[in-house]
Amino acid sequence: MKPNKTLLLAVGALVVAGVAIILRDKSGFEASPASSSESGEKVSLSGEGTGKPAGSSGRAGPASRAREERQPSAYADLVARYGEARTNLSKNVSANIVAVMEDATEMSEMIASSEGEGFGGGIGAALGGLNGELQLSEEQRDKALTLFKEHQKRKSANYSAAVDRLRRDPSPLMQLVLAGDAGARGEITEDEYRKSQADAGESLAGIINPLDRKNFGGGSPMRDPEFVKGLEAVLDETQNETLAAAVAKRESEYALDPTTVPGVEEGGIAGLQKMEIEKLDEAMESARKVTTGIKSMMEGMGGLRGVIPGAQGGGR
4 MKPNKTLLLA VGALVVAGVA IILRDKSGFE ASPASSSESG EKVSLSGEGT
54 GKPAGSSGRA GPASRAREER QPSAYADLVA RYGEARTNLS KNVSANIVAV
104 MEDATEMSEM IASSEGEGFG GGIGAALGGL NGELQLSEEQ RDKALTLFKE
154 HQKRKSANYS AAVDRLRRDP SPLMQLVLAG DAGARGEITE DEYRKSQADA
204 GESLAGIINP LDRKNFGGGS PMRDPEFVKG LEAVLDETQN ETLAAAVAKR
254 ESEYALDPTT VPGVEEGGIA GLQKMEIEKL DEAMESARKV TTGIKSMMEG
304 MGGLRGVIPG AQGGGR
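Each number in my numbering comes from the position in the sequence shown (counting from 1) with 3 added on.
Treat the hints as calculated values from the structure; they're not laboratory data.
Note that the structure is a prediction, hence the values are computed from the model and not measured.
Mixed in with the good hints, there may be bad ones.
As the list claims (entries may be wrong) - Below, computed lysine to aspartate or glutamate pairings styled on EDC-like, alpha-carbon distance capped at 20 Å: (1) 232 with 268; (2) 94 with 112; (3) 152 with 202; (4) 156 with 240; (5) 198 with 268; (6) 156 with 172; (7) 152 with 190; (8) 146 with 268; (9) 156 with 112; (10) 232 with 269; (11) 232 with 136; (12) 156 with 167; (13) 152 with 80.
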């Protein structure tokens with residue numbers, strides 16, 4: 004039996020949904036603070052041990068001074084506070100986050116350009132349980148799907164801009180990663196880390212948290228005010244009451260979440276859980292493999308649509 008469009012979309016939805024389980028297992032994202040900060044082998048990129056802890060000092064040799072002179076001043080500040088080894092590792096983590104963002108950009112572009120419902124179930128999957136509550140008509144569904152594709156295009160553009168900023172200057176992200184590492188190892192307080200998150204909120208706007216499972220599977224268009232406003236114009240009065248209740252519930256749950264930090268966008272990287280940098284590095288390596296795999300799968304499915312009968316478009 005030849006695979007058809009429905010089978011391809013179902014496989015896509017399952018694989019994308021599965022990223023949440025993989026990342027949770029690899030990162031321990033849902034673990035308690037105690038389990039998230041357990042020590043492991045310390046990674047050193049410079050061969051100088053684990054680097055200096057926050058606030059420590061030491062006399063640098065000629066080679067070390069030469070390296071610091073070649074670094075941007077922001078990196079030098081980080082090295083002075085956190086040590087060269089941990090700063091180098093934070094740069095590696097940041098590079099992997101950029102790679103994940105690049106994959107997310109390409110996936111958003113593929114979702115936006117796909118025909119019909121496209122990858123992962125289209126508007127039905129995007130709205131989740133709200134889709135069943137709204138009971139969209141055929142005409143409403145088509146209009147909502149157009150709004151969703153426009154949302155994906157905006158998201159892709161935002162991702163691209165955010166990646167460009169990180170390429171030019173990864174130091175804000177490195178600072179956040181290092182502060183989370185220091186917090187996990189008890190070198191700064193919880194309040195100090197939350198301040199670091201709040202400080203990073205604006206400079207890291209548009210960068211998704213790769214360990215937040217809600218950021219995968221196409222993301223949630225309900226986080227996009229422009230999408231919600233457009234959807235309101237499509238719905239009737241009763242449906243809009245249902246939509247307003249769902250939006251209010253989501254906002255309330257986010258505000259009451261103990262991990263929520265004022266000034267940090269929902270799903271943003273600044274909301275990253277504090278974690279020892281070695282563990283975060285391992286989690287990001289895993290996240291990068293997962294997103295690369297999903298992107299490759301989506302590319303393959305796109306190619307199959309051109310050769311498998313019945314696999315054109317998305318259908319419903």
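Verification of the supplied hints:
Under the criterion of a C-alpha separation no larger than 20 Å, the hint pairing residue 232 with residue 268 is consistent with the structure, at around 19 Å. With a C-alpha separation of about 27 Å, the suggested pair residue 94 and residue 112 falls outside the 20 Å cut-off, and the hint is violated. A hinted pair counts as satisfied when its Cα atoms are at most 20 Å apart, and residue 152 with residue 202 does not qualify at roughly 32 Å. Between the alpha carbons of residue 156 and residue 240 the distance comes to roughly 28 Å, so the proposed pair goes past 20 Å and is violated.
Between residue 198 and residue 268, the direct Cα distance comes to roughly 14 Å. Compliance with the 20 Å bound is thereby established for this hinted pair. A distance of roughly 25 Å separates the Cα atoms of residue 156 and residue 172; the hinted pair therefore is violated under the 20 Å criterion. For the proposed pair residue 152 and residue 190, the alpha carbon gap of about 45 Å is over 20 Å, so the pair is violated. A hinted pair counts as satisfied when its Cα atoms are at most 20 Å apart, and residue 146 with residue 268 does not qualify at roughly 27 Å.
At most 20 Å may separate the alpha-carbon atoms for a hinted pair to count; residue 156 and residue 112 meet this at roughly 6 Å. For the proposed pair residue 232 and residue 269, the alpha carbon gap of about 18 Å is at most 20 Å, so the pair holds. With a C-alpha separation of about 18 Å, the suggested pair residue 232 and residue 136 falls inside the 20 Å cut-off, and the hint holds. Distance hint between residue 156 and residue 167 is fulfilled; the C-alpha atoms sit about 17 Å from each other, no more than 20 Å.
The hinted pair formed by residue 152 and residue 80 fails the criterion: a straight-line CA distance of about 43 Å is larger than 20 Å.
Of the numbered hints listed earlier, those contradicted by the structure are 2, 3, 4, 6, 7, 8 and 13.
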